[in-house]
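Chains as they are written, first to last, in this note's numbering: chain A, 1 to 771; chain B, 1001 to 1133.
Bear in mind the hints are in silico, worked out from the structure with no lab data behind them. Among the clues, some could well be false.
To spell it out: a stretch of chain B is covered by chain A in this simulated footprint if at least three of its residues, at any positions, have a beta carbon under 8 Å from a beta carbon of chain A; those stretches are [said to hold, decoys possible]:
#1 1057-1070
#2 1123-1132
Stretch-level coverage of chain A by chain B, calculated; a stretch enters the list once three of its residues show a Cβ under 8 Å from a Cβ in chain B [as the list claims (entries may be wrong)]:
#3 594-605
#4 667-680
Only pairs whose alpha carbons sit at most 30 Å apart, straight line, appear in this in silico DSBU-like list of lysine-lysine [claimed, not checked]:
#5 A:K180 - A:K297
#6 A:K599 - B:K1062
#7 A:K279 - A:K87
#8 A:K282 - A:K130
#9 A:K500 - A:K486
#10 B:K1062 - A:K591
Quick caveat, the model's predicted, so the values are computed rather than measured. Glycine residues also receive a C-beta, built at the ideal position from the N, C-alpha and C atoms.
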Amino acid sequence: MARRGRILRYFTYALLLAVAAFAVFTLQLDVRVRNEFEGRRFALPARIYARPLELHAGLRIAQPDVEDELRELGYRDVPVGDTGWFKRSGNELEIALRPFVFWDAAEPARRVRAIFDGAKVVAVQDAAGKEAGKDLPLARLEPVPIGGIYPAGNEDRILVRLSEVPKHLVDELIATEDRKFYTHMGFDPRALVRAAASIATGRMQGGSTITQQLVKNFFLTPERTLSRKFTELVMAILLEAHYGKAEILETYLNEIYLGQDRDRAIHGIGLASQFYFGKQVKDLSVAESAVLVGMVKGPAVYDPRRHADRALERRNLVLRETREQGSITPEQYMAARSTDLGIAPRPTTGTSPYPAFVQLVHRQLQRDYDDKDLRSEGLRIFTTLDPRAQQAAERSLTKRITQYDKERRFGQPGLEGAVVITDPSSGEVQAIVGGRDARYRGYNRAIDAARPVGSLLKPAVYLTALSQPSRYTLVTPLDDGPFVWKSRGAPDWAPQNYDKKFHGMVPLRVALAQSYNAATARLGTDIGLDKVFETIRKLGVDRPMRPYASTLLGATEMSPLEVAQMYQTIAAGGFRSPLRSIREVTTQEGKPLQRYALKVEQAFPPEPMVLITAAMQGVVREGTGQAMKSFLAPEIGAAGKTGTTDDQRDAWFAGFTGDRLAVVWLGYDDNRAARLSGSTAALPVWGDIMASLLPQPLELPSSEGIEQVWIDPQTNLRGDSQCAGAVQLPFMQGSAPQERSPCVSVAGAVADTVDTTVQKAKSWWERLFGR
Amino acid sequence: MGTTFRPLALLLLLAGCASAPEPGPAPAPVEQAPPPASTGPRENTAIAGLMESARTDAAAGKLPSAAASLERALRIEPRNPRLWQQLARVRLQQGDFSQAESLAARSNSFAGGDSTLRAENQRIIEDARTGRR
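So that you can see chain A by itself, here it is in the shape it has in the complex:
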């Protein structure tokens, strides 16, 4: 008896100890549940958008390009529902715009019609409502999302409130996943018994309530052990004890994993609605929400894009179970069942289709924001990316690199390249390609590769010269004879020309157009290296320059982006604007946080810029860039410069039209000789890109300090339009040659009484130098 009493007492102690241990365990879990659940905020990636397309009468864009952009936005090309579609009829495009909150205003949902003529919008009108048919000054489309800056695991989600979620979606979820959700205390005892039985048979399975699923996703690792299952159960009970059903459900709907978009994980019903249907969650139909609910069980298995048949079968099961619960009527059931899946045709893009551009955006953001905030606060970043320019750049670079690789067979790793496109008037970066594989998220040659720029620096030498109108004009003779540069502490340097010849006396504009090295080196040392370096700095290049004459010919390294900055200042007529990839940053609700405004600084007076631009147009018209004529009409008047480095390791072309500036680089990462030149290899890439973007002609700004003068290219004297091959060139007032060429027609000479007699043609430099 006493012995039995003792055993009973020990047993009681043991029991009490177990209870105490359990209590401690529960208390610990309780603290964890409350701390983590309450402290937990969903990390929301910063969302990055391209520039919005603004339709207005006069816009130069082809109808198919607008349609492409709408498709990228997930719009359908047939009218379905109120918004998010477009309809083509001949040269008209009717668009049902979705609402969108911009930095400065919220654009409402509305129906617009754009009328095209050729590659131009001729009218934009209201297409519905009272105002139908009325002209609209401007219709701003939604900006295409181009990626994000993601938290760990590349988790992406759009948060929704329970009140935005349609009731039928919740009904379907509960009918399928947890019928007793509103009545249980976090677990379902019968399911638990079943689960226990399954443990006995050695197969752990199912029986999880919505609360348990949430606990599992939120707090626990995916291992399937008995102790973990037990912890999950206790935590589920605790969660239910502290929080209401609505809060648990809302969190669940935002947490749930619903598929993969390459490296991006799709979480939550809000993003899934967008990703699969191109809709907001509140607009999901009974059938559509059933597809998403069906995916909860296995997002990969029931992926409606990859396994449409399975997804359809699963959707119908969800609908059936919902009808059995009485949450939808038999009529609703029949109607929903008979629809097809209705998945939006949006291409999968992973974390970003344009990783090189996003990289630039991310870096510019890091100057002003903590990386942690970028990865968690759901900021909205409005950028300057122009999807059309970006796609043109990618297409052209890939095409040409593949072609060159095939022609040369220089082995692996293959030829590489990079492209930067900007808007010359504002410095907005429109496109960045960081390598031959534009989807690759790694080494970004456009911003990180520093390569010798070769002749791309020459415009800076000539600009420095042309800033001294009393000494240099476009027709000033330069000496392209052999040249040796001596400096103490540096080896002698004697530059060769590309064609291994020297050309004697040549007019300044020809020396640049033909990219003569000896003439340029002599010119640069005559005016002074310091002055040239100062010009380069004022053009926007921060890199220190080595104080050698060889620097003048491009023995200095720059990234394609830096080159773009330098040419930007030339293209903008001497006004320097820092290159920008971001316009605005807002909170996720659209509250403005920061604007990156257009900034300009006048770095040069206008007149020499007119001269250097005209000289660079000469490069394209008749110099090393003349192959451009197979890409662009001469009326475009593109200005640019080729660049080729020693042993043809780097091939460059940088230049601009009236509305775009682009820099193209080609070469090998390991610096092998590429045997490609700027004019034969980089120029075609540039030409392809510009040709496909409907370039605007480049017009030289008129300036009071500039006069246009006809020049006879034979004598480099004043001619007239009748002289053979005469060219009209800009001169600063008073700097043009006074003497008339013999080619000037007699009538003209008589009319112009100031004309001096020109009898015998001494060679023009003899006259100029008085020899």
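Knowing the structure of chain A, use the given hints to seat chain B on it.
Showing chain B alone in chain A's frame:
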């Protein structure tokens, strides 16, 4: 029960990135801008609309908004000297004198023979220089 749990509300609060919007120091004393230049017959209606909303915003002291509208217009017509001039005026009003001066000079570079426009740009440049001193 459940009263302390506000995960959604919590994450709406933005921590640590309350960067200041565009610099907007005390508006400089500026004379009343002259009446808006009449929009020429060739002027795009989109431009006219954006210029109008920029004027309204500037008058209401919403200078960053005014600047944004003008930048939008400049993307459509980058060679329109009136847009550059109006942006210069907004910057002057914001007390950003160096931008005001540069933007007025930029306007001049597209002004051609329009002497009225040039004269007004010159006035902005002088005001900016005075303001800077």
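Q: Could you work out which earlier hints the structure fails to respect and list their numbers in ascending sequence?
A: 2, 4
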